[in-house]
Amino acid sequence: MYFLRPLAMGVALALLTGSTLAASPTSPAELQAAWLAEARQSNPALRAFSAERGRSFFSTTHGSDWSCASCHTSNPGQGGAHAVTRKLIEPLAPAANPRRFSDAAKVEKWFGRNCKDVLGRACTPEEKGDLLAYLLTVKP
Amino acid sequence: MKTLQSLSLATLLLAGGAWAGDHRYALSPTYAAECGSCHVAYPPALLDAAGWKVTLQQLERHFGSDASLEPQAQREIASLLQAQASTRSAHEGKGAAPRLTTTAWFQRKHRPEELRGYPLPKVPAGARATPMAQCQQCHRRAEQGDFGEGSLQPADGRR
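Chains as they are written, first to last, in numbering that gives the first Met the number 0: chain S, 0 to 139; chain A, 0 to 158.
So here's chain S without its partners, still in its complex pose (with noise of 0.2 Å):
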């Protein structure tokens, strides 16, 4: 009985509150088509994005104490914990989690929150078309 009470509420709050977020479904390739077309306004220059760039700013720290591998570990292939509570992180390479990089407003409110945490400020187009490039050579 106390399994089903929370779920009745679960469930009740659903109703009063209605639905939670929309999705917003993309892909890995449609996010990099995107962020390519905004790179290249500021550089036109810009022919692809490099997976090797996106590696070093996946594993190197931005001026703060944490990089993105402080978290997600230097193995993005697998789950990490977050660097202060410990919770769980799934992992972040598409291959190893699909569920990664498929949902544009997911994708968008992470970036935001933790360029902000590891670069303090917003991450370029650029910068998340590396990563993401990286991301996707990295095996499960």
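Don't read these hints as lab results, they were simulated from the structure.
Just so it is clear, CB atoms sit at the ideal spot from N, CA and C, and this is done for glycine as well.
Some clues are possibly wrong.
Claimed, not checked - For lysine-lysine, the following BS3-like pairs were computed, each having C-alpha atoms within a straight-line distance of at most 30 Å:
1) A:K121 - S:K115
2) S:K86 - A:K108
3) A:K121 - A:K93
What the hints assert, rightly or not - Coverage of chain S stretches by chain A, computed from C-beta distances (three or more under 8 Å per stretch; other residues unrestricted):
4) 77-88
5) 107-116
Said to hold, decoys possible - Residues on chain A that point at chain S, a partial pick, calculated with CB under 10 Å:
6) Q56
7) E59
8) G63
9) A72
10) W104
11) R127
Position chain A against the provided structure of chain S, taking the given hints into account.
Using the frame of chain S, we list chain A on its own:
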């Protein structure tokens, strides 16, 4: 639908999201998703309304991380927290960035004599990890909102 909603609302107001005494808490899907990705989705009923209000006002600087929300999620979670917040003074948030772990109730429940047999998780020197934020290490069903004593287990796995 209308009747169902009023009924749900009544349940919600009566229960306030918690079942007194057994330490199991219902978590809405939005709350669990948005507030449970970096840490355990802490039970709304363990902090007072003022404490939650301050917390939500500074999500961009949330204990060292940017945890800002989309406006719609922010509104949903704000009203949910105000509805489910504790009215007990023992759950009063303290300071400019209130923490659940510094309320009188939490401190009483986790004082050293209560923790015997449940040592706090070890934190490597220099690491920023905070043992008290890691509910899941001892409360093995914390992710599901279950803080009942039946699911307590020492962090190192010993019984």
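Going down the list of hints, with the structure as the test:
1. Restraint check for K121 (chain A) and K115 (chain S): the C-alpha separation of about 28 Å stays at or below 30 Å, so the hint holds.
2. For the proposed pair K86 (chain S) and K108 (chain A), the alpha carbon gap of about 22 Å is at most 30 Å, so the pair holds.
3. Straight-line distance between C-alpha atoms of K121 (chain A) and K93 (chain A) comes to about 26 Å, which keeps the hinted pair within the 30 Å bound.
4. Chain A is given as covering the region 77-88 of chain S, and this holds because 6 residues of the stretch bring a CB closer than 8 Å to a CB of that chain, at least three being needed.
5. For the region 107-116 of chain S, the stated coverage by chain A is satisfied: 6 residues place a CB nearer than 8 Å to a CB of that chain, which reaches the threshold of 3.
6. For the restraint placing Q56 (chain A) at the interface with chain S, the shortest Cβ-Cβ distance is roughly 17 Å, beyond the 10 Å limit, so the hint is violated.
7. For E59 (chain A), the interface hint holds, the least distance from its beta-carbon to any beta-carbon of chain S being 8 Å, beneath 10 Å.
8. The beta carbon of G63 (chain A) is positioned within 10 Å of a beta carbon in chain S (closest approach about 7 Å), and the interface hint is therefore held.
9. A cut of 10 Å between beta carbons decides the hint on A72 (chain A): the least distance to chain S is about 6 Å, and the hint holds.
10. Residue-level restraint check for W104 (chain A) is violated (minimum Cβ-Cβ distance to chain S is 20 Å; threshold 10 Å).
11. The beta carbon of R127 (chain A) is positioned within 10 Å of a beta carbon in chain S (closest approach about 5 Å), and the interface hint is therefore held.
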